[in-house]
Amino acid sequence: MSDRIRIVVNGMPEEVPPSATLTDLIGLFGEMDPDLIVELNGRFVFAQDYAATRVAPNDRVEFIHPNFGG
Amino acid sequence: MLTAEEARRYSRQMQLPEIGLEGQVRIAAGRVMVAGLGGLGSIAAYYLAAAGVGCLKLVDRDRVALENLNRQILHSTADIGRPKSESAREKLRQLNPHCRVEAVHASIDDGSAEALLGDCSVIVDATDNRETRQALNRASVRHRLPFIYGGISGWDGMTATFIPGRGPCFSCLFPTREVANGLSPPPVLGPTAGIVASIQALETLRILVGCPPRLAGRLLRVSGLTMEFHSLPIDRNPLCPVCGGRTA
Chain A
1 MSDRIRIVVN GMPEEVPPSA TLTDLIGLFG EMDPDLIVEL NGRFVFAQDY
51 AATRVAPNDR VEFIHPNFGG
Chain B
1 MLTAEEARRY SRQMQLPEIG LEGQVRIAAG RVMVAGLGGL GSIAAYYLAA
51 AGVGCLKLVD RDRVALENLN RQILHSTADI GRPKSESARE KLRQLNPHCR
101 VEAVHASIDD GSAEALLGDC SVIVDATDNR ETRQALNRAS VRHRLPFIYG
151 GISGWDGMTA TFIPGRGPCF SCLFPTREVA NGLSPPPVLG PTAGIVASIQ
201 ALETLRILVG CPPRLAGRLL RVSGLTMEFH SLPIDRNPLC PVCGGRTA
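Chains as they are written, first to last, in this note's numbering: chain A, 1 to 70; chain B, 1 to 248.
Some hints here could point you the wrong way.
Said to hold, decoys possible - One side only, chain A facing chain B, incomplete, derived with CB under 8 Å:
1) Glu39
2) Phe46
3) Gln48
What the hints assert, rightly or not - Looking from chain A toward chain B, a few residues come up when the C-beta cut is under 8 Å (computed):
4) Asp35
5) Phe44
6) Pro66
Calculated from the structure, these hints are not laboratory results. Predicted, not measured: the structure shown is a model, and the values here were computed from it. Backbone N, C-alpha and C fix where the C-beta goes; we use that ideal spot for every residue, glycine too.
Pulled out of the complex, with its shape left as it was, chain A reads as follows (with noise of 0.2 Å):
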């Protein structure tokens, strides 16, 4: 049995420990912006989720930044 699940990150395909967390992923993919948008399979996760949803393999997963210029 292998140790890592396939999942898409930002359109790349990544191996990812099989229980992560999005909190997880977020330490893994070094995401440092405190106003990160994160989309787990095309719906958005609320901050105080991250910590207990947990990526299935094929998930997709994008980091989004803020636009904050104007």
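Since the structure of chain A is provided, determine the placement of chain B on it from the hints.
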């Protein structure tokens, strides 16, 4: 009612069944705050004045600088050093003398947002930082006024419409109060600002004429690099510090 000159001026948009005479009269009765007169505000304010919005309240604390002119097309080289609010008022009055322009050279924060908002019924966010947006959002939630967010960075931009009481607010999406310090201004490209601000102006006109805003509860992302638009539904955050937990 409209004068013959106004009816002719707006005739091409009045041909739209969603606008017509009734919609045009509603647009003329509209009072809209455009917060920020940079890349986004230049475009949004220009289209709203052209469309015949009765009163525009323009607020910006800055003066025109040379490095603004790649995108802030309401201002010109001769305006360098002038308050953006003053430069904008002059251009918009030349464009449409029927539009009453109230220009204020001021900063927007929690202390000033309410007074600056006055009796405007829609807020177009064309500011350049999260903190000012959060101050405007709190005023929007308190007075139940639509808040039309727009932001740009480099090739990309995003926009969403927040209707208090009927969906999420800006802080449902961006709840953090952490002050990002040491950030240098992002790179920006004029046409990206133009796309985002044009969508903000469209949403404003929709609201004024009574068409449902299409970006309520939806974040639209625009990429000038991939030439793709993506939209992401956003729910109301039950833990939102502004509209969710009723702590505001």
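Against the structure, the hints come out as follows:
1. Glu39: holds, 6 Å
2. Phe46: Holds - the Cβ of Phe46 (chain A) comes within 8 Å of chain B, reaching about 5 Å at its closest.
3. Gln48: holds, 5 Å
4. Asp35: Hint holds; Asp35 (chain A) Cβ to chain B Cβ min 5 Å, cut 8 Å.
5. Phe44: holds, 5 Å
6. Pro66: holds, 7 Å
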